[in-house]
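Peer 1: Produce the entire structure from the sequences given, and follow the hints as far as they go.
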Amino acid sequence: MAMIDISVKILRYQPGKDEKPHWQVFNIAVEDESTILDVLNEIHWQHDGTLAYRRSCRSSICGSCAMKVNGRNVLACETPIHRFGRKLKIEPLSGFDIIKDLVVDLDPFFAKLKRIRPYLILDKPAPDKEFVQSPEQLEQIGESTLCILCAACSAACPSSWPNSEYLGPAALLKAYRFIFDSRDDGADQRIEIVNDKNGVWRCHTIFNCVEACPKKIKITEYLSRLKVKVVENSL
Amino acid sequence: MKIDEARNYHKIDAVIVGAGLAGLRAALEVAKSGLAAAVISKVYPTRSHSGGAQGGIAAALANVSEDSLESHMFDTIKGSDYLADQDIIERFVNEALKTVYEFEHMGVPFSRTADGRINQRPFGGHSSPRACFAQDVTGHVLLHTLYEQCLQHNVLFFNEFQVLSLLVSDDVSRGLVAWDIRNGGLHIFHARAVLLATGGYGRAWKVTSNAHANTGDGVALVLEAGLPLEDMEFVQFHPTGLYKHGILLSEAARGEGAYILNDKGERFMKTYAAAKMELAPRDVVSRAEQTEINEGRGIGGKDYVYLDLRHLGRQKILERLPQIYDLALNYLKVDGIKEAIPIQPTAHYSMGGIPANVRTEVIKDAAGTVVKGLYTAGEASCLSLHGANRLGTNSLQDAATFGRIAGIHMSEFCRENNFSGLPAQPLEIAQGKIDRLWNGQGKERHAPIREKLQENMTKYLGVFRNQDDMLKMLVMIKELQERYRQVTVDDHGDVFNLDLIEALELENLLSFSEVIVEGALARQESRGAHFRNDFPKRNDGEWLKHTLAWRRDGKIVLDFSKGVVIYPQYQPQERKY
Chain A
1 MAMIDISVKI LRYQPGKDEK PHWQVFNIAV EDESTILDVL NEIHWQHDGT
51 LAYRRSCRSS ICGSCAMKVN GRNVLACETP IHRFGRKLKI EPLSGFDIIK
101 DLVVDLDPFF AKLKRIRPYL ILDKPAPDKE FVQSPEQLEQ IGESTLCILC
151 AACSAACPSS WPNSEYLGPA ALLKAYRFIF DSRDDGADQR IEIVNDKNGV
201 WRCHTIFNCV EACPKKIKIT EYLSRLKVKV VENSL
Chain B
1 MKIDEARNYH KIDAVIVGAG LAGLRAALEV AKSGLAAAVI SKVYPTRSHS
51 GGAQGGIAAA LANVSEDSLE SHMFDTIKGS DYLADQDIIE RFVNEALKTV
101 YEFEHMGVPF SRTADGRINQ RPFGGHSSPR ACFAQDVTGH VLLHTLYEQC
151 LQHNVLFFNE FQVLSLLVSD DVSRGLVAWD IRNGGLHIFH ARAVLLATGG
201 YGRAWKVTSN AHANTGDGVA LVLEAGLPLE DMEFVQFHPT GLYKHGILLS
251 EAARGEGAYI LNDKGERFMK TYAAAKMELA PRDVVSRAEQ TEINEGRGIG
301 GKDYVYLDLR HLGRQKILER LPQIYDLALN YLKVDGIKEA IPIQPTAHYS
351 MGGIPANVRT EVIKDAAGTV VKGLYTAGEA SCLSLHGANR LGTNSLQDAA
401 TFGRIAGIHM SEFCRENNFS GLPAQPLEIA QGKIDRLWNG QGKERHAPIR
451 EKLQENMTKY LGVFRNQDDM LKMLVMIKEL QERYRQVTVD DHGDVFNLDL
501 IEALELENLL SFSEVIVEGA LARQESRGAH FRNDFPKRND GEWLKHTLAW
551 RRDGKIVLDF SKGVVIYPQY QPQERKY
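So the protein lines, in turn, are chains A and B.
Residue 233 in my numbering is what sits at position 233 of the first sequence, and the numbering runs on without skipping anything.
Residue 60 in my numbering is what sits at position 60 of the second sequence, and the numbering runs on without skipping anything.
Hints listed in this document are in silico derivations from the structure and should not be mistaken for laboratory results.
All values reported here derive from a predicted model rather than from experimental measurement.
Among the hints, erroneous ones may be present.
Claimed, not checked - Computed beta-carbon distance windows for the label pairs:
| no. | chain 1 | residue 1 | chain 2 | residue 2 | range |
| --- | --- | --- | --- | --- | --- |
| 1 | A | ALA29 | B | ALA275 | 44 to 52 Å |
| 2 | B | PRO572 | A | PRO125 | 39 to 47 Å |
| 3 | A | LYS129 | B | PRO536 | 44 to 52 Å |
What the hints assert, rightly or not - List time: in silico SDA-like cross-link candidates among lysine to any residue, alpha-carbon distance up to 25 Å:
| no. | chain 1 | residue 1 | chain 2 | residue 2 |
| --- | --- | --- | --- | --- |
| 4 | A | LYS17 | B | TRP438 |
| 5 | A | LYS216 | B | LEU332 |
| 6 | A | LYS89 | B | ASN330 |
| 7 | A | LYS216 | B | ILE337 |
| 8 | B | LYS545 | B | LEU332 |
| 9 | B | LYS537 | B | ILE566 |
| 10 | A | LYS114 | A | THR50 |
| 11 | B | LYS545 | B | TRP438 |
For each residue, glycine too, the CB sits at the ideal point set by N, CA and C.
Peer 2: Structure below.
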């Protein structure tokens with residue numbers, strides 16, 4: 001472990017003070033094993049208390065700290081600075097309104113989640129114990145349940161940027177997760193919602209979401225399966 | 001600042017502080033009963049630290065081998081080093097199966113046995129494979145599922161709000177005051193019933209598995225409101241914190257068969273817990289690790305040992321423990337399939353907290369006098385279910401089960417009781433906290449004070465404790481509290497003022513840390529996670545009792561008259577594993 005000098009360029013925006021976002025450079029010394037979050041903490045705690053960003057778990061599970069570093073969407077907490085060298089450029093996720101500095105408005109993102117009815121819908125009474133679900137049936141949805149709703153996928157999606165009505169990869173992945181859950185009876189309702197020009201058909205299989213996903217979820221593949229399901233359902 | 005009554009005053013039946021498993025489960029119960037439930041959380045609900053729990057949720061389903069409620073009960077009692085209240089444990093194990101089946105019916109993607117039932121794995125201190133799990137992301141899937149259920153049932157969410165004061169007077173809860181982090185401004189929440197589900201207080205330590213958010217805010221607010229805290233000296237150190245980072249590597253690794261090794265490559269647990277080995281309870285394993293490190297058998301003589309997964313094989317590691325594998329790889333560049341992973345004990349779980357009865361009603365004294373309309377559940381609470389040491393996977397079960405129980409009793413209470421009147425100046429305390437940080441003349445900053453607190457809590461209030469160290473810590477906390485009075489913040493903006501929030505959280509850390517140290521100093525014995533080198537034995541004659549602590553006239557006052565509920569068939573015995 002050694003201290004190194006780094007240059008950190010951060011897109012700043014303080015509402016009520018700044019007319020528009022602008023870059024600010026911090027030249028600081030940090031440990032070479034630091035993460036992006038360590039760097040932000042160092043700046044916030046030691047240099048400029050006004051810097052704002054979201055963070056909580058530090059262990060890549062809460063999804064708070066997705067942001068853009070040197071052009072790539074990452075979780076700040078799990079990303080070591082050595083991946084980028086000594087010059088860092090940190091900005092908020094694209095496609096969302098900036099509230100302040102690196103903090104963006106995620107309310108529209110969560111509202112889209114609600115639109116696809118993200119809960120098990122049952123036509124049958126639940127059993128006394130658990131539903132039987134085979135490991136193979138679980139495998140269908142297993143990876144999709146790892147989504148932490150960090151919004152890195154939506155922020156990387158060119159189909160999402162110009163169209164705020166598009167459900168986006170995270171909500172569609174959630175639709176997949178329930179439609180393909182062997183216990184669920186709500187597929188028809190959800191297929192009606194995603195079978196729309198702002199639903200699954202707005203996905204143009206660009207794969208940016210897959211590259212951006214910190215959980216390495218093959219989102220585009222699941223959305224393709226969802227498209228097939230929608231087509232099958234209408235036949 | 002004026003109160004904009006139309007925008008900043010909310011009158012809601014049940015107000016729940018905290019959006020982790022306990023808070024969301026309670027909110028769901030209240031909302032399903034047809035009442036208005038609001039959840040106030042300093043983070044978006046899915047960011048809550050329940051999502052950090054990895055290994056499983058305990059319930060004696062007996063899906064993979066024989067098990068019983070009695071066995072779960074006894075294991076929990078023994079794990080607690082006999083400090084837990086056995087009536088609470090009885091209720092807990094009786095409700096645990098229902099809680100898990102409910103979760104499954106909500107859609108939780110539990111890992112499955114070959115015949116399609118919920119799979120279960122072994123965990124420390126449990127005598128059967130009792131941990132129902134979803135890979136090693138159990139807390140994550142439970143949290144997200146509950147959040148989605150709350151969306152379905154129209155729970156109101158106030159995301160990114162920081163609670164600054166409880167409106168409690170004459171033993172009646174009336175509501176609370178919170179700061180809107182996103183927009184700025186104080187809000188009054190006028191409620192029939194309030195639940196404090198604010199989580200643990202592990203952020204008082206430097207090496208910790210806890211999230212930035214886990215600053216024990218609810219615990220500190222209760223103390224500020226003139227109410228007691230219980231058993232605060234009992235803090236669990238998890239044996240498998242990722243070296244230097246402190247973040248959690250689940251006990252599920254050992255449940256699946258991982259070893260812990262010292263510098264000589266020995267499975268040293270054979271010296272400390274020959275029968276249970278790595279699956280002894282966490283207090284036992286953490287002490288063993290710290291002993292190895294202190295006696296020079298850490299790796300290369302340093303302050304860590306190894307968690308070794310290699311013999312489990314690639315397939316099992318990636319199928320059952322993918323998160324653990326990724327964490328070691330991302331944070332330490334260690335490939336767990338090929339290399340052993342450096343670990344150290346890390347501050348993890350708060351057994352102490354806000355005292356409450358089996359109905360989750362907050363109590364204000366050893367006699368159990370209830371504060372009307374105030375409830376607590378989850379890690380913020382001390383019922384006491386976990387006593388001096390919690391067993392792994394009992395926490396998710398605790399949060400969910402007592403969250404549901406809280407929701408049931410809050411709903412009843414809301415139907416039977418009207419809103420109680422607010423005090424004449426409800427904003428006074430909250431406004432005072434903000435004014436001091438914005439308009440004070442002092443030059444201190446919050447970060448160095450917090451850093452000093454955390455570093456020294458890790459140094460002096462760790463796995464092993466003694467009087468001299470703790471006295472040093474007490475003096476230091478007093479000094480830091482004094483310095484805190486001179487803290488001002490750089491950021492004077494209303495919108496997303498992280499500087500302000502962190503300064504407010506620091507006040508909470510400094511407040512309850514004093515209680516932890518005072519309780520630990522007074523308790524001259526070793527029990528569960530509280531181990532004193534100067535009093536290395538458990539002393540049931542003098543100390544089989546709970547600690548209650550108040551802040552009165554600026555001083556911590558302790559009371560040991562609250563006894564432990566013990567059933568005749570579960571009398572204290574020597575605790576061996």
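Peer 1: Run through the hints listed earlier and report the numbers of any the structure violates, in increasing order.
Peer 2: The structure conflicts with hints 8, 10 and 11, although it agrees with all the remaining ones.
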